[in-house]
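Engineer: With the hints as your guide, set chain B onto chain A.
From first to last, the protein sequence lines stand for chains A and B.
The working numbering numbers the first residue of the first sequence as -18 and each following residue consecutively.
The working numbering numbers the first residue of the second sequence as -18 and each following residue consecutively.
These are calculated hints, taken from the structure and not from any lab test.
Keep in mind that a hint or two might mislead.
In this list, chains with the same sequence are indistinguishable; a pair is considered to hold if it fits within one copy or across any two.
[Claimed, not checked] When the alpha-carbon atoms are kept at most 30 Å apart in a straight line, the in silico DSSO-like pairs for lysine-lysine are as follows:
#1 K7 - K238
#2 K(-1) - K203
#3 K203 - K192
#4 K86 - K269
#5 K86 - K238
#6 K7 - K203
#7 K86 - K229
#8 K15 - K56
#9 K229 - K269
#10 K192 - K238
#11 K203 - K56
#12 K15 - K86
#13 K192 - K269
#14 K7 - K56
#15 K(-1) - K269
#16 K229 - K15
#17 K229 - K(-1)
#18 K56 - K192
#19 K238 - K(-1)
#20 K203 - K15
#21 K269 - K238
#22 K56 - K(-1)
There are 2 protein chains.
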Amino acid sequence: MNAFNVHEHLQSLGLQAKAASALMAKAPAAAKNKALRTLALLLRDNQAELAPANAADIERATAAGLSAPMVDRLKLTPQVIETVAQGCDQLAAMPDSIGEIIGMKQQPSGIRVGQMRVPIGVFGMIYESRPNVTIEAASLAIKSGNAAILRGGSEAIESNRALARLVTEALRAAELPVDAVQLVQTTDREAVGQLIAMPEFVDVIIPRGGKGLIERISREAKVPVIKHLDGNCHVFVDATAELEMALKIVDNAKTQKYSPCNAAEGLLVAAPIAASFLPAIGAIFAAKGVEMRCDAAAAAILRADGRLAELGARIVDAAESDWYEEYLAAVISIKVVEGIDAAIGHINRYSSHHTDAIVTRDHVHAQRFLREVDSASVIVNASTRFADGFEFGLGAEIGISTDKFHARGPVGIEGLTSLKYVVLGQGEVRS
Amino acid sequence: MNAFNVHEHLQSLGLQAKAASALMAKAPAAAKNKALRTLALLLRDNQAELAPANAADIERATAAGLSAPMVDRLKLTPQVIETVAQGCDQLAAMPDSIGEIIGMKQQPSGIRVGQMRVPIGVFGMIYESRPNVTIEAASLAIKSGNAAILRGGSEAIESNRALARLVTEALRAAELPVDAVQLVQTTDREAVGQLIAMPEFVDVIIPRGGKGLIERISREAKVPVIKHLDGNCHVFVDATAELEMALKIVDNAKTQKYSPCNAAEGLLVAAPIAASFLPAIGAIFAAKGVEMRCDAAAAAILRADGRLAELGARIVDAAESDWYEEYLAAVISIKVVEGIDAAIGHINRYSSHHTDAIVTRDHVHAQRFLREVDSASVIVNASTRFADGFEFGLGAEIGISTDKFHARGPVGIEGLTSLKYVVLGQGEVRS
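With the rest of the complex left out, here is chain A (with noise of 0.2 Å):
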């Protein structure tokens, strides 16, 4: 396509979703359950038609070159297919908060006012590889009875599509407007650059990927973007935290997964503790091959054990370049602060403002974490590896926001809609 189609593919996919999220905003919680449940359906049902499609995906990316596992991102096994499956039927067991109204209160003129959960209209999703996303956004989209537009990576076009034409057929069959979840059909990059443009028919922009691309999205985006840049997240070890548990929990934080955006990436631990902390904490990252990039009092407590030397544990002199990090990898940066002052000074500082956790016994120390870190996520005494919609129970994510405006932390069905005030009267006017 030229560029002057794609402007006119843009200009049609906004004004039908446009159109289609009114009707999806009044569409009766029924029909939207039934469109998810018939999406599992097909999805599981038509996975002989969706591998082609897949295979002609991974065929081409592999001829491009593309890595391994940028390629295993890719591939929807039936493992894959099942677990997105299984999304759309969690959604469509849930309670339904479209149209709730809260707070609803008697004021001193009569009237009562409250407040109506409504959807926020039309999001644009822009993401990459991992075709799996395009039935996550869909069925958020449908729970959530907004309109979406999706513009999914190049390389998964053809896997894209194929899972496309199954939202269409769902949506189809519960009779809600098809134009409620559309993909863009081109995969020219200008497309993304339109889509970020259009305030009359998009009312928000949610990317997923890598930070360029993040960035480069909200410095031109004409609507609100959610979103996060970074997950520079922190672990901080306080002086009573129980040694058994903190070795638990910062593990896991960091090495259950390296590339998760809520894996830790830095580690803190209050000087009375760190003498017994640190070698014990180090054995575990020497064994599993974790870097760790020391201040001068972490690396001296680290180098003067020599069981440590044996394991080859890696002990590199941090420079301040470290503290700010997001390694998505086998490294972290560790520092020891006098205490619950300077971890969380150094956190407010340094941290990209997603998820933060400490470990502590002390109730004092752990209610003035949990309100003075301006953190979207900040717990006690469980691993940074929960900041997820999920695990939070929203039943499903769409993103994660750092940002304080709107939706904050992972973002599920809620982060998709907006309060209206409803007013009830009986004839009240202004006196």
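Structural biologist: Quick look at chain B alone, frame taken from chain A:
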């Protein structure tokens, strides 16, 4: 001040606000309430000192040839001061919602997850003429635990400086950071451009003023803006409306005051009731000198009524542009619609999504209007003039939002806060 100094001044305000916001976020409710009560006392006790500053502004404005209503808005009369002082006392008496934790529930993993209400950080307020806004914004900043940078109109600079000194004194008396509320000290218009482009210091901008100012700010701001551009509000008189109630509500919505954003600018009447309702409301409008811009059907009914002609009713044929218009004057557009579908269709097409009301006895129509009209405030059987923070029970109002993102409708304390996730565990890790 030259441009360089404006930049330095704003940078320094931003830095100081950011630092103050961290202290305000953890300030005890007692200290914030003490500051508010002290401010109320200072306002009442220092009228003699406020008077000369206010007189200087009024003299300058009069000399500059500002209109009488503009000069009126500048005046800090004893009544204006008592009203803002009472507002401070009322805020002090309200419960403090900062730090409240909502929805704490245990998840299958064992962790308990809830959300804590925290201040948004720093807000910038840009406003014109009325110096009492300085106190309203300052008191909302204090109660909500935010820091604020206030940029009032140049015509009110002396009054605003005098009021800001009282705010500083009140903060100091309560041992709160005096930088929690700062006034931009220059009247250079460049300061507005700077204030809206400091995302490192300012989390949200709240403009109040003419449409031109707000459009410019929305276009150029590098941070979110809480705003409404227009208040093109409607009343729909349904076929089953009680005539007396409908007359009272439409009259009040249009004529109680012409200038507020929540005054009605459009009247829609269901066809079956048009012949009985329109002459009755027409007589009221004629008596009050309200010009009626009518579609053909409404004009025919009104012109057929001899009594209206005697009253000197101004019945004008509406142009398409009338349906979009926010008159803020003794003018109303009038259209006869077939029924609820046409009414909702008209409103969703032409309304500014601010406030729209229906007068009806029909339960199904009332429910549909509430659900389907896409406006920040939707009202059944009461005047649009109620769409206001005080009338809605918010205790105070920093502005009204017609956006769907974050805050919608009248914005009080809650709109100046965000919810962060808090997680309480007993050593849980992700498996």
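Engineer: Could you tell me which of the hints above the structure violates, numbers in ascending order?
Structural biologist: As far as the earlier hints go, 1, 4, 11, 14, 15, 16, 17, 19, 20 and 22 are violated by this structure, in ascending order.
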